[in-house]
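Asks: These protein sequences, in sequence, are chains A and B.
First residue of the first sequence: 1, per UniProt numbering; consecutive thereafter.
First residue of the second sequence: 1, per UniProt numbering; consecutive thereafter.
Be careful, since some hints might not be right.
If you want the footprint, here are the derived chain B segments under chain A, 3+ residues with CB under 8 Å [unchecked claim]:
(1) 87–93
(2) 222–234
(3) 242–253
What the hints contain is simulated information worked out from the structure, not anything from laboratory work.
Predicted model only: the values in this text are computed from it and were never measured.
Backbone N, C-alpha and C fix where the C-beta goes; we use that ideal spot for every residue, glycine too.
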Amino acid sequence: MTTEALSPSASRVVEGPRGAKPKRLTISRIGVYAFLVLAALFFLMPLWVMVVTSLKGMPEIQMRNLFAWPSELTFEPWIKAWDTACTGRDCNGLKPGFWNSIKITAVGTFFSIVIAAMNGYALSFWRYKGANILFGLLLFGAFVPYQVVIYPLILGFRQVGLFGTFPAIIIVHVIFGMPILTLLFRNFFVSLPPELFKAARVDGAGFWQIFFQIMLPMSVPITIVAVILQVTGIWNDFLFGTVFAGRENMPMTVQLNNIVQTTTGVREYNVHMAATILTAAVPLAVYFISGKWFVRGIAAGAVKG
Amino acid sequence: MILTAIGVFVVCIIYSFLLSFTSSRLFPSFDFIGFDQYERLWSTQRWLVSVNNLWIFGLLSIGSNMVVGYLLAVFMDQRIRQEDLFRSIFLYPFAMSLVITGLVWRWILDPNYGLQATVRGWGFADFSFAPLVDSNTAIYGLVVAGIWNGVGVSMAIMLAGLRGVDSEIWKAAKIDGIPTWKTYLQIVLPMMRGAILTAFILQCVGVVRVFDLVVAMTQGGPGIATQMPAIFVIQHITDRANVGLGMAAATMMLLPVVLLLGLQQFIQWRANQKRMNS
Numbered sequence: 001m002t003t004e005a006l007s008p009s010a011s012r013v014v015e016g017p018r019g020a021k022p023k024r025l026t027i028s029r030i031g032v033y034a035f036l037v038l039a040a041l042f043f044l045m046p047l048w049v050m051v052v053t054s055l056k057g058m059p060e061i062q063m064r065n066l067f068a069w070p071s072e073l074t075f076e077p078w079i080k081a082w083d084t085a086c087t088g089r090d091c092n093g094l095k096p097g098f099w100n101s102i103k104i105t106a107v108g109t110f111f112s113i114v115i116a117a118m119n120g121y122a123l124s125f126w127r128y129k130g131a132n133i134l135f136g137l138l139l140f141g142a143f144v145p146y147q148v149v150i151y152p153l154i155l156g157f158r159q160v161g162l163f164g165t166f167p168a169i170i171i172v173h174v175i176f177g178m179p180i181l182t183l184l185f186r187n188f189f190v191s192l193p194p195e196l197f198k199a200a201r202v203d204g205a206g207f208w209q210i211f212f213q214i215m216l217p218m219s220v221p222i223t224i225v226a227v228i229l230q231v232t233g234i235w236n237d238f239l240f241g242t243v244f245a246g247r248e249n250m251p252m253t254v255q256l257n258n259i260v261q262t263t264t265g266v267r268e269y270n271v272h273m274a275a276t277i278l279t280a281a282v283p284l285a286v287y288f289i290s291g292k293w294f295v296r297g298i299a300a301g302a303v304k305g
Numbered sequence: 001m002i003l004t005a006i007g008v009f010v011v012c013i014i015y016s017f018l019l020s021f022t023s024s025r026l027f028p029s030f031d032f033i034g035f036d037q038y039e040r041l042w043s044t045q046r047w048l049v050s051v052n053n054l055w056i057f058g059l060l061s062i063g064s065n066m067v068v069g070y071l072l073a074v075f076m077d078q079r080i081r082q083e084d085l086f087r088s089i090f091l092y093p094f095a096m097s098l099v100i101t102g103l104v105w106r107w108i109l110d111p112n113y114g115l116q117a118t119v120r121g122w123g124f125a126d127f128s129f130a131p132l133v134d135s136n137t138a139i140y141g142l143v144v145a146g147i148w149n150g151v152g153v154s155m156a157i158m159l160a161g162l163r164g165v166d167s168e169i170w171k172a173a174k175i176d177g178i179p180t181w182k183t184y185l186q187i188v189l190p191m192m193r194g195a196i197l198t199a200f201i202l203q204c205v206g207v208v209r210v211f212d213l214v215v216a217m218t219q220g221g222p223g224i225a226t227q228m229p230a231i232f233v234i235q236h237i238t239d240r241a242n243v244g245l246g247m248a249a250a251t252m253m254l255l256p257v258v259l260l261l262g263l264q265q266f267i268q269w270r271a272n273q274k275r276m277n278s
């Protein structure tokens, strides 16, 4: 399934769209564009609404003009969302959440990818007994609803006194990222020519030597895909953040939700939308910078299938 | 390393499974009471509503995501200008967290200041579109947000599938004088079974796990109108302090995943058999 999902997206770049080259604007061409533009408007609408709402003052929001560009631009909501918005009694805005998310994402991505790369390497070249069963179990792990695993994990963390700490949230991300990332790396290593590995063996290279000197340098592209997958995945996580991170390490998504759901006083929709954009900024930046790589990441994420 | 991860999964699943047969409340206990928790689960209104919602949400959002995704992919395949731009537009919601999706749509669907109020302000005084405040329609509000978030992925996967179809097929269809739309529907569609299955399974897993979206958008309300199994479980192991019941619900969540995986294995196995016979 991987190769199926990965290769077409890769070959497409070369092939390009097919069919006769359009010579003139026919009615059906206009129809095609009309449909696509309408669809695009639907997809862009929420982004537009987010941006204009975040730049309005509250009086203007109460004038009920969701789509209008603000008549008086204000960046006050952005400053408030970042600096002083309240969750319950704490009024520090989103910034602690932002730094927590940066920490969690950086450390979590690093560990989950290093471990998954080693796993994938071991699974594909050093076929030990039961490797296939392990592989099947991993596939299963990629599908399990988190709710089935969460409670025993909470108990486990409580037992060793890690519940609600930074290591806990990192471990959780590493564990849940493991199946899909291991599959990703395994499928990549399997696609490499086995001669490479054999030649290195003949030359007397060991497990670690082959891994660090041959395999790692070759796996730059797949590592980029994995990084994109993990950074967006961990940054966007909400469930694990709520359950495992504890108050000290609350990630940005959880804090955002808390700010918005705080019901005391006037609902400041402009601040909420500014906060939403701030939280979305990192994955959006990853998305727009990585471009085609992101699509490949999704296709690779489809290894699950 | 790998063993630890798998160990954690296996041990946790077994542990959860065992707890579902006990009378655990706030803390785990091993006082086994057989299938009582399951009986209680299936007579709990909150759970029945959850399951029902999962069906509605699942069928509608998966159905629309697949159909609209394929349609978009076909239109994108018409050698259009600015293909990359369109792709970026259709796909960017997926890069954002479901929490963000939920919060944005909650704001758009806000009855007092959102879409409904705006359109009424344009002079359509009877316009009404505020599904989230009515417990009969709240679930459809979730579906809209789910579609916005998820269509792009189906589109991307199916477009890759479309481009992977042998170009000879197209020439042959053209020579035979088969209209384009018919080729797409009757010849190409069955040929990209892999891509479709991939997109479908991806969507299914997303639906079973849906949690963030509901929490951000409706928090399960109004009342219990938009409860989902994923929320049911979390609530029962935290606020509602009924671990036994929560674990019974979690086990029920695992069931469709197991069935789906079994189905996929079966299809693959049959495909292998066919390949061997031919």
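Asks: Hint by hint, note whether the structure agrees.
Replies: Okay, the hints, checked on the actual structure:
| no. | hint | verdict |
| --- | --- | --- |
| 1 | 87–93 | holds (count 7) |
| 2 | 222–234 | holds (count 4) |
| 3 | 242–253 | holds (count 7) |
Comparing the model with each numbered hint stated earlier shows that all of them hold.
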